[in-house]
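*Asks:* Produce the entire structure from the sequences given, and follow the hints as far as they go.
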Amino acid sequence: MLSNRISFSGEQGMLLETAVGFCRERSPVSAVRALMGGADGFDPAVWAEMAALGWCGIAIPERFGGSGLGLAEVATVVEPMGRHLMATPFVSGQIAVQALLAGGHMALLPRIAQGAIATTAVFERDGDWDLAAIEATATRHGDHLRLEGVKTLVEHGGVAEIVLASVRLDGAPALAVLEGPFAGRMRAEAVIDETRRSFSLDLTGLEIPTASLITDPAAFIALRDAALLLSVAEAAGGIAGVLDVTVDYLNNRTAFGRKIGSYQSLKHACADILVGLERSRSHLYHAATLCGANEDAEVALRMAKAEASDVFANAGDRAVQFHGGFGFTWDCDAQLYLRRALWLQYSFGDAAHHRRKLADLLLGD
Amino acid sequence: MSEFAEFRAEVAAWFRDNRPPEPDFLLPESFMEVGTEQQFEYLRAWQRKIWEAGYLGMAWPKEYGGGGQPQAMQDIVNAEMARQKVPFVPNTIGLNWAGPLILAIGTPAEKQRYIKNILSAEDIWCQGFSEPDNGSDLAATTTRATRDGDAYILNGAKIWTSLGSYAKYMILLARTEPGSKRYAGLSYFLVPMHTPGIETQPIRKLTGEYGFTQTFFRDARIPDDCLMGKEGEGWKIAMMTLTFERGASGGQAGGIARQALNVHDTVDLARLARRDGRPAIQDPLMRDQLVRFLIEDQGDRLTAARGAIPGLTSERPHAIPLSQKLRTSEHRRRLLQFALGLQGANAARWMGDANAREGGKWQRAYFNSFSSTIGGGTTQIQSNIVAERVLGLPKD
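Just so you know, the sequences run in chain order F and V. According to my numbering, the first sequence holds residues 881 to 1245 in order. According to my numbering, the second sequence holds residues 7 to 402 in order.
Keep in mind the hints are simulated off the structure, nothing from the lab. Ideal Cβ placement from N, Cα and C applies to all residues, glycine included. Check before you lean on any hint, since a few could be wrong.
[Said to hold, decoys possible] In silico contact screen, one side only, chain V against chain F (beta carbon under 8 Å); selected entries: (1) Arg298; (2) Gly317; (3) Leu346.
*Replies:* See the structure below:
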């Protein structure tokens, strides 16, 4: 029998309350749309405020300038970011933090706690989710390593000061800890979620000290777990956000002499989305509980990702449909959520991918 | 936890040693499916045995036949019963609805009179809320209770009365104020079923079994002390009863109310069943479906746990309780429908067939799963409730 434990501390309660208010105020949809047109895709002033609130260092130990909490607390502030489609390099940095911590590579943590932007570069051209399927390489040259290969879908690569790139050293997966600037190596990619910025990163010719390579496999697990948990947190927030947008429209739009929200075909679909939202939030906070307690969270995380990303993608899809003709236009916000939902669905494994992994974990081979 | 470790071991041993022998007939899944004298007597004797051993009503007051022990001990017993998959205890309405209500608002005389016999299954209880013309809408109750001196005269009909043919008492919702509408003017009664003028008529279900009755009241005269609370408080008391039923306020006598096939049984079934020359559990599409059900089941377990955390439910406090039936009943119906397909061509067998898997239990369970997607407010009504009361969408 799987554990059904959920813990939610007073600190998490306070963080959630602060983050809900902060994201609502700093990320109204007008701001989201304005940032979509900008180069970096986020507001540096808001980022500075987030750093000043101490969020960047939530999961960083106190001796490295953080507040010594954990991933559960990070997930708690990410949920409202998802709800308000906040454009921010927060999540990519927190994924990097977990990998650095697990890999015992502490030197850069104080900078990240202060607001240095960090990200990970773990995907390649074929788009395979398998984090161990790596073609980029590191080869030894004296006390240095020479890198070769191209990473893709590197979030916020254009502004990142720190990048963790997966490479193969002597056939085994490893994470190269890179410090910018990356001028000339980052190339912007066009991606489905326009609130995000994504880049390819050409590693070829880069040289790093051997000490800048994390070879401990625990770092990959920590990276994957953090990526899954935080994308679930964003998705859970996103479901709540898109449901608000949809319900609001159904309560105001009239067709054939009735508010369209009174039609059961629309109403029942919204009830189904609410059911999915409730289950997704429960999976999220359970997985966060296990991650926070450093317990094996693989089953919980994969379940959460499968559930939340499917529910969000469906909620976004229905939101477009239920807005009718307006839903087909650029000006309708439903598409922003659908784009976010699809980005999340297809990063770090879609629902079918995780269900296949879960089948092996829960049903045996 | 550890203070109860010894108790847990004792309970586990008792149920192992005292579990009743497997009957040569198919047992019902819950009190709603008890359709034969044989099934009824078997389950009633089992409940009595558990109570005599001190494992039922453990947290109820000693003076009324309970155990006067902490609820945690009863919880341990319930969990152990579920774990060992022993038969359920049949007096569900007495244990989970009428009993907690009488303990909460009954007079000392009522507690003396009813509680012990609820626990021992001496007195079986049934419930008279739904009516033939009103389905899920309890506030539309038309059964009348007319005061006449020191008595009330009952007229009308109730439907879906589980254990109606075996019950000694019924909790009844009836209209005492003629001409009143909806929630006002309703009253709540504890009605002796042997009263002249009360007649039960068994209803045959889609499974071919019996288990419900329709109950008719024709000038049935009951003493006025059968009234619970005051006249006009019926709706309030009925809602209170439902919070006991849903376990929201604790107070239940304990035991398990059903012996149901769940997602883990379905996984086990997939190991036994064969598809294309190999166990069904090796078929990738079956595996994907099983995992979907496991995720959903776990989602509902976790949602129940999250429901107890105010900081994670504050935005829509009613979302979890009001969606509970919608979530779990539909999950179960789809799960059982899927489980039939796992049996290959044998899915077409039915109860009574020698080669039906587990006596046709799975087929019966699928058909009976509609009792939850229909009873107590259909899925479609539940969806309206969630959309209107939780999300604030307009009524039709």
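*Asks:* All the hints need checking, so say for each whether the structure fits it.
*Replies:* For each hint, the structure was consulted:
no.: 1; hint: Arg298; verdict: holds, 7 Å
no.: 2; hint: Gly317; verdict: holds, 4 Å
no.: 3; hint: Leu346; verdict: violated, 19 Å
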